[in-house]
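**Student:** Given next are the chains, with one letter for each unit.
There are 2 protein chains.
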Amino acid sequence: MGDLPGKLTWKPGTVLHPLPVVLVGCGRIGTDANLITLAWTGIVCSEPPLLSISVRPSRHSHALILKHQVFTVNLPAATQATQVDWCGVKSGRDVDKFGHTGLTPLAGPQTGAPLVAECPVGLECRVVDSRSLGSHDLFIAEIVAVYADAALVDPDTQAFALERSAPLCYAHGNYYELGGYLGFFGFSVQKKPGKKAPGPPRRR
Amino acid sequence: MGDLPGKLTWKPGTVLHPLPVVLVGCGRIGTDANLITLAWTGIVCSEPPLLSISVRPSRHSHALILKHQVFTVNLPAATQATQVDWCGVKSGRDVDKFGHTGLTPLAGPQTGAPLVAECPVGLECRVVDSRSLGSHDLFIAEIVAVYADAALVDPDTQAFALERSAPLCYAHGNYYELGGYLGFFGFSVQKKPGKKAPGPPRRR
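Residue numbers (the numbering used here), protein chains in the order written: chain A, 1 to 204; chain B, 1001 to 1204.
Looking at chain A on its own, in the form it has when it is part of the complex:
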């Protein structure tokens, strides 16, 4: 046991879960388009909508993001775990990741960066700031466009229902599905029932 009652003390490390695991598209279709799998990403601001990605300077995609100052963030479905994993292990210096995985690049209308057609959700992002933090460089980017499969619209309500994409989750080196629904933000103070539960995520 450690410094606190009932707790083990670990050495400082990157302990946070669950995380999204995304396919970041960079470069240009026809010349240097590449994909990199990242879990070091998160939302950092609501207005304007900003996200961050952190990338090791040694990675092939790092130079592409620096050069073009734009990238895409593609949110995969759980069924795409093998392709996502493979793009995290291999380097774009050695292999054409779009060609090898069979994933289809679509030029982002706002940025020209390659979106992944097969991912249920894709974001186009424009870098607004970057800085070195140590092992990783942080890129803060504005989300300038969002694309989603039409299948993500709930046929009953016509509302967007992102959980219908059965997203891929990541936690400490392992991939998971998203599990059962527990409640909506604010449910703990809801006075009247009525908001419809979105139901469990489904495999696509």
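Derived from the structure by calculation, the hints contain no laboratory data.
All of these numbers come straight from a predicted model, not from anything done at the bench.
Each residue gets a CB set at the ideal place from its N, CA and C atoms; glycine is no exception.
Any given hint could turn out to be false.
Unchecked claim - Chain B stretches covered by chain A per the calculated footprint, using a threshold of three residues with CB under 8 Å from any CB of chain A:
hint : segment
1    : 1013-1026
2    : 1073-1081
3    : 1108-1117
4    : 1140-1148
5    : 1152-1162
Following the hints, position chain B against chain A.
**Tutor:** The following block gives chain B in isolation, referenced to the frame of chain A:
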């Protein structure tokens, strides 16, 4: 349909999933200890281990983090969804969140910031940088200590098994459990079977 074949175009927004949803502890036990629920958090660097949180300047906790320059990040279990949600809806200006929820504050040995005893994992964090991004201020902080329940050790392997905490997940205003196991990082290029699957997460 929108600008891309088969895709709907949405207005730019904070579309990223799944996200962790954490209880950030700030202030000092006995005086101004508070909790704030955040999903705008992520890992931004491995060495040193750094995470980010983004907080609206209007939030009560924002001033406490600015004042003390330390905070904790507590990773809740799915069974704690009600307490987590409540701490995201209420303000520490109006209510003692530890007292109301029954959650137990433990002073972090490294920082003095309040950890949540009942959360399976807790991190102590020291702010190393902050900046205004718009609606939210970004705090980048070093993870200086990690604590975990002894129950997170796998009895078979004696390895830490964070997925055993049955973590709480967040996606676009809804809370979920973590779902079924899909594979470990690198599984797509694994030549020989052998690595033990961690199995599905379990309710605590």
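**Student:** Each hint needs a verdict: does it hold in this structure or not?
**Tutor:** Hints and how they fare:
By the rule of at least three residues with a Cβ nearer than 8 Å to a Cβ of chain A, the coverage given for the segment 1013-1026 of chain B holds, with 9 such residues. With 4 residues bearing a CB less than 8 Å from a CB of chain A, the segment 1073-1081 of chain B meets the requirement of three and the coverage assertion stands. Look at the segment 1108-1117 of chain B against chain A: 3 of its residues bring a Cβ nearer than 8 Å to a Cβ of that chain, three or more, so the hint holds. Under the rule that three or more residues need a Cβ within less than 8 Å of chain A, the assignment of the segment 1140-1148 of chain B holds, with 8 such residues.
Look at the segment 1152-1162 of chain B against chain A: 4 of its residues bring a Cβ nearer than 8 Å to a Cβ of that chain, three or more, so the hint holds.
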